[in-house]
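Participant: Assemble the whole structure, with the sequences as input and the hints as a guide.
2 protein chains.
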Amino acid sequence: MKIVVLKFGGTSVGSVTKIKRVADIIANYRKKNFNVIVVSSAMSGVTNDLISKSKKICQNFSDSEHDVLVSSGEQVACSLIAGRLIHKGFKSRSWLAWQIPILTDGPHKHARINNLYKNKLIKYLKEGGIPIIAGFQGINSFGRVTTIGRGGSDASAIVLAKFFKAHRCIIYTDVEGVYTTDPNKLKKAKKIKVISYEEMLEMASLGAKVMQPVSIQDARLNRIDIEVKSTFLNKQGTLITKRSNIINNRIITGISSTHNDAKVSLLGVKDKPGVAASIFKPLSKNLINVDMVVQNISSNGKETDLTFTIKNEDLNKTKKIIKENKNINFRKLLFKKDVSKISIIGVGMITTPGVTFRMFQALANEKINIQVISTSEIKISVLIDTKDVKKALNVLHKEFKLER
Amino acid sequence: MKIVVLKFGGTSVGSVTKIKRVADIIANYRKKNFNVIVVSSAMSGVTNDLISKSKKICQNFSDSEHDVLVSSGEQVACSLIAGRLIHKGFKSRSWLAWQIPILTDGPHKHARINNLYKNKLIKYLKEGGIPIIAGFQGINSFGRVTTIGRGGSDASAIVLAKFFKAHRCIIYTDVEGVYTTDPNKLKKAKKIKVISYEEMLEMASLGAKVMQPVSIQDARLNRIDIEVKSTFLNKQGTLITKRSNIINNRIITGISSTHNDAKVSLLGVKDKPGVAASIFKPLSKNLINVDMVVQNISSNGKETDLTFTIKNEDLNKTKKIIKENKNINFRKLLFKKDVSKISIIGVGMITTPGVTFRMFQALANEKINIQVISTSEIKISVLIDTKDVKKALNVLHKEFKLER
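The listed protein sequences correspond, in order, to chains A and B.
In this text, residue positions in the first sequence follow my numbering: the first is 29, and each later residue adds one.
In this text, residue positions in the second sequence follow my numbering: the first is 29, and each later residue adds one.
Derived by calculation from the structure, the hints in this document are not laboratory data.
Because identical chains share one entry, a pair is satisfied inside a single copy or across any pair of copies.
When the alpha-carbon atoms are kept at most 30 Å apart in a straight line, the in silico DSBU-like pairs for lysine-lysine are as follows:
no., residue 1, residue 2
1, 137, 81
2, 46, 137
3, 364, 309
4, 81, 59
5, 81, 46
6, 46, 219
7, 48, 81
8, 237, 221
9, 237, 365
10, 309, 347
11, 426, 219
12, 81, 263
13, 30, 154
14, 148, 137
15, 237, 81
16, 348, 415
Facilitator: See the structure below:
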């Protein structure tokens with residue numbers, strides 16, 4: 029009998045009505061003779077509400093008690109789902125992390141699952157039961173409740189799929205799947221039927237709305253097929269799988285874009301080891317997230333130019349840090365707000381020559397200026413003005429025939 | 029080092045502000061060098077909200093999942109209290125039933141604590157820790173979450189006090205203690221400083237607002253001193269203890285009264301075994317709660333008169349049941365709405381003659397007609413018209429010098 033792991037996110041179980049729908053979805057898999065393992069998040073809003081209570085108790089609320097507090101949310105959702113399935117005539121029950129148990133190591137709030145005892149669940153599945161497992165939680169070696177970071181229910185689902193060698197792990201969420209590009213920015217964006225783990229990871233800016241990159245990476249390492257689909261519409265979603273499963277008939281799978289970025293260039297930086305570190309260490313310390321980093325080859329062997337992007341709102345802080353830090357030597361500081369990174373992603377580009385050229389030509393035809401370029405094996409990113417994003421997405425979508 | 033068990037009810041932990049106050053109270057006991065064990069209920073409103081969600085899932089919501097669902101409420105309250113104590117510099121943590129564990133038997137929703145493993149808690153207390161224990165919950169022999177009935181946090185506290193031979197179990201609540209009579213009905217009602225378990229049990233109608241009778245009985249059997257006091261006012265409460273601890277200088281400790289009662293009399297009932305059962309069985313089956321039952325000695329050896337009280341709202345249903353039930357034989361059915369039971373309670377009456385006379389005389393002086401009389405060792409109850417309750421409480425309070 030094939031096992032499927034079904035994971036439901038917070039919005040999927042956000043109300044009693046939605047939980048009833050979730051129970052119907054689960055029941056359908058059971059009726060099709062699948063062995064079903066369910067993982068649920070907390071009802072949407074609940075976790076934030078609990079965290080806000082803890083912040084009112086004190087700003088430095090204990091990490092271990094934080095985990096006890098927020099893990100109650102999944103407990104509620106699981107019992108309601110199980111209760112509904114029992115009402116519908118199925119054998120079902122909630123399973124809390126300590127009841128399985130799911131063991132974690134690492135610190136509270138950021139624990140990682142390191143083991144999962146299968147025996148009780150195997151017995152329960154053999155009896156025809158549908159286990160509803162509280163995602164996001166575990167226990168540590170001291171028997172304390174732990175949580176595996178926000179969005180961690182995805183990780184719980186992937187671990188269960190791995191331990192039970194599941195046929196598939198299905199992530200039910202509030203979007204229909206992964207799109208060729210952000211449908212809010214380009215109406216003709218199309219849902220992708222199948223995508224490789226690697227492409228999905230590179231499409232982080234699109235994918236993050238769907239699934240945590242760390243969970244995609246876990247699935248990749250364990251070769252677990254993931255399907256992302258809508259809880260509310262009965263439609264095919266997006267399958268995330270290994271490259272060899274994909275009969276590739278596209279060069280480019282998707283286009284991602286960022287917004288609210290700022291570009292910082294340091295001209296005349298000394299071209300010697302440790303320079304980049306001296307710049308990015310104080311930024312990282314100040315929790316400023318650096319995205320794209322490009323350094324040109326030194327023209328004179330002594331100096332180089334370094335460009336990186338940050339969020340618009342971090343620009344003033346960044347300038348201050350750079351100017352005040354005596355360890356950073358440079359001739360000139362340039363910066364520009366409202367730039368965007370456009371990336372085309374596709375494993376197809378490995379074997380297809382001329383992709384870079386086609387991208388640049390298409391943008392040039394629209395008179396879009398490329399400010400910075402950065403490439404990886406399956407991704408080409410360029411920095412352009414944010415005002416040109418819509419035009420760029422449109423022309424690239426067309427150039428690589430993504431609307432087909 | 030003396031151990032105190034502090035139990036906080038739902039209203040005591042009903043908001044973040046109140047939880048901070050609760051942490052202050054706990055801290056004060058710790059500073060006075062007590063070993064403190066804390067039991068908390070869920071924040072007020074939470075349990076009802078969760079139950080209402082389950083009712084929306086389905087009317088016949090699974091009992092076992094009900095327990096998983098509602099036990100999350102205590103988990104939240106305990107983590108918030110522990111978090112606050114940690115913030116204040118104390119060693120503290122939440123303890124869920126499965127972490128101790130607290131073992132129960134009996135059915136879900138109505139489980140009973142049958143064992144409690146002390147080792148981990150003893151170690152924790154020795155390290156100077158303040159355990160915040162989730163009340164109302166346990167686990168059964170299958171490792172499932174159980175709850176011990178509504179208001180069951182009192183029972184958790186009493187069990188902990190028993191197992192740890194606590195110096196005292198203090199029930200923090202939203203009232204100041206137990207009163208000589210309902211302060212809403214008689215302004216000059218006085219807080220009782222000390223009362224015996226037996227009197228407290230007989231004052232159910234007053235005591236139920238403060239503590240579940242079943243927990244008082246548990247405390248009585250285990251000789252645990254209970255203090256009931258206000259979370260919000262720093263005032264002495266009411267001590268509930270064994271009779272021998274009370275230097276009794278009062279004949280009567282308190283006066284209780286009911287309201288919205290109806291009286292039903294069956295005249296000419298056959299005086300033979302099984303008659304009472306034939307009347308009360310169908311009432312019980314229909315969930316009609318019968319309070320006072322009085323049967324007079326048969327005057328002719330063949331027939332007797334039977335009187336009992338029910339709630340006003342059950343009167344029509346009761347009449348219907350009696351008339352339609354062919355097993356109930358009687359000559360005449362009388363009934364009267366809006367009667368009240370007034371009871372005077374006190375262990376002092378055992379050794380003091382004339383209490384009954386004084387009660388009846390006091391009521392007679394006020395021209396209050398006594399319709400039915402029933403007595404026990406430490407209680408005398410009479411049935412009067414509800415309109416006379418205020419007058420009766422007033423005169424009895426005065427007669428037995430309760431305002432002193």
